[in-house]
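Trainee: If you want the building blocks of each chain, they are given just below.
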Amino acid sequence: MILYAIGDNLTSGAEILNDRDMEESNKAYAYPMYMANKLKYDECDNKAIAYAPNEWIARRGLLDIQGLLDKGYKAEDLRVIVGWASINRSEISIKELTRRNPGLDKEFQTAHTSTEQFMFDTMFIDIDRTTDGDGELALKYGDMARDFFLDYTWEHGLEYEKWYSQILFLQNYLENNNIKYLFHNTGHACDVKAKFLENNIRYYKPEDSFKQWAKDYETRALGGLVEEAHGDYADLLLEYINKHELF
Amino acid sequence: MYDLLYTNGDSFTMGMEILGDKDITEENKNHAYPMHVTDLMGIKDHANSALPGAPNEWIARQTIFDLLRYEKNGQDLSKVFCLVGWSSINRLEVSVKEDIQKAKDLGLWPPMGFTSYEIDLFGTNFINSSIEKFILDKDGKNIFDFSKGAHEFAVEYLWDEELEHEKWFTNIQLVKNFFENKGINYLMVNNVSPWVSNSKWRLNKHEDLLFDKHYYEPTKFSFQDWGHSRYPFERRQESHFTRKVHVNFAEKILYPYIKENLL
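Chains as they are written, first to last, in the working numbering: chain A, 1 to 247; chain B, 1 to 263.
Think of the hints as simulated: they come from the structure by calculation, not from any bench.
Since this is a predicted model, take the numbers as computed values, not measurements.
Heads up, a few of these hints could be off.
Examples of chain B residues lying across from chain A (beta carbon under 10 Å, computed) [as the list claims (entries may be wrong)]: (1) Asp23; (2) Ile24; (3) Thr25; (4) Glu93; (5) Lys104; (6) Asp105; (7) Leu108; (8) Pro110; (9) Ala154; (10) Leu203; (11) Gln224; (12) Asp225.
Here are the simulated DSS-like pairs of lysine-lysine, each with C-alpha atoms no more than 25 Å apart in a straight line [what the hints assert, rightly or not]: (13) B/Lys182 <-> A/Lys193; (14) A/Lys180 <-> B/Lys200; (15) B/Lys205 <-> A/Lys71.
By construction, the Cβ of each residue, glycine as well, lies at the ideal position given by its N, Cα and C atoms.
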């Protein structure tokens, strides 16, 4: 049995090990790994990346899951957990920019490793992203893109419409492929009410989020949560999963 | 068998310019290819949500939200046949609510003869590589630009061909999985250009998910290419087609395909 997880910093376990530590090694202590261990699954494939936008989470989720099915994993042996991220995030392409700036790859790097820059030639833009430690060009283009998205795309109603269509997208894909899953929010609640959210038992408390739930736990320098919060949250999700026989 | 044919897409699906050069009125929809398919299939009702310049992300999102609304109002979705006309990549929807407020503050709203539905309907602007939207004064002088600079940003930072195809793929999957989950019969077709395959792209190994009988020749066909090659003298000023081309597209291509493969 394999647990596949996707989401943003809170799903990747960013900063569990230390303030500002975004290394992949945090994933070993993040809530998906706790869940996989307690469920006694053979594998936990956590593909979350810090600051991931929901559009990327849905798209990457489908491609990764399809990749697992293509590799021979059976749908009945696969469980999926999706930590939906905050609105007001976007993704830009840096393929052409890095080509135009040869030898300056380091300047496109952000403070954390294993990022979208290396894997996909893109950069995630977040309304509140802390850019401490980012390379000069990552800062320059990141600021420019943030200004653009603030002016033109991060409008509350439009962002929610887009987010909800991504939720429906992944939900339908997983259900059509008979894959058992659990959705939950990491950054903030689904503040705009929608019937399809309320009707889906596989969406854990759309009116809440991991971050809101963990408000009394210690918070790291960039907003990450400590291991204790991840462990306790995993227990909460497992209790819900067991109660409703979701996995 | 079906109560309703629902369609969505861009200017080609809405029948832009059928009634005349640069004409984007809703009346064009009564002559566009989805209406002829509706008649040929003997379906009583027809709903066409297509808008000129629509990006694929909007087409996908609006389609599922329209159908969820129908379902909420009691429509049995298994009795709806859907026809989706995919647009080109390199389009983007941006919010222009602040622009509208600025135009209002300047006393320029509502504009005279303004012909862009999404700005009026949703407070957003569809951006693509060839169209910019202005408010003109009575002498035809451009006095207000919508989304100034957005096009340049999109060209520079968003419209990478591989990333755009990944996003288009996601939108196709979004709609496809929604239709299948709701038991909806459907056909997808390319309006502007065929799907491009590239063996170097990450997406390449998953492309077979797109290619089934519900997508009309995805890698070979687009309505625009077909129309331009067969009816070069039936083109309007902005490269859309006359009624004749829409009728023939429905009668010679879409309906025979639907009849043979989907009914």
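Trainee: None of the hints should be skipped; say for each whether it holds.
Mentor: Taking the hints in turn, this is what the structure says about them:
no.: 1; hint: Asp23; verdict: 28 Å, violated
no.: 2; hint: Ile24; verdict: 22 Å, violated
no.: 3; hint: Thr25; verdict: 26 Å, violated
no.: 4; hint: Glu93; verdict: 8 Å, holds
no.: 5; hint: Lys104; verdict: 17 Å, violated
no.: 6; hint: Asp105; verdict: 17 Å, violated
no.: 7; hint: Leu108; verdict: 19 Å, violated
no.: 8; hint: Pro110; verdict: 20 Å, violated
no.: 9; hint: Ala154; verdict: 9 Å, holds
no.: 10; hint: Leu203; verdict: 7 Å, holds
no.: 11; hint: Gln224; verdict: 25 Å, violated
no.: 12; hint: Asp225; verdict: 27 Å, violated
no.: 13; hint: B/Lys182 <-> A/Lys193; verdict: 21 Å, holds
no.: 14; hint: A/Lys180 <-> B/Lys200; verdict: 32 Å, violated
no.: 15; hint: B/Lys205 <-> A/Lys71; verdict: 11 Å, holds
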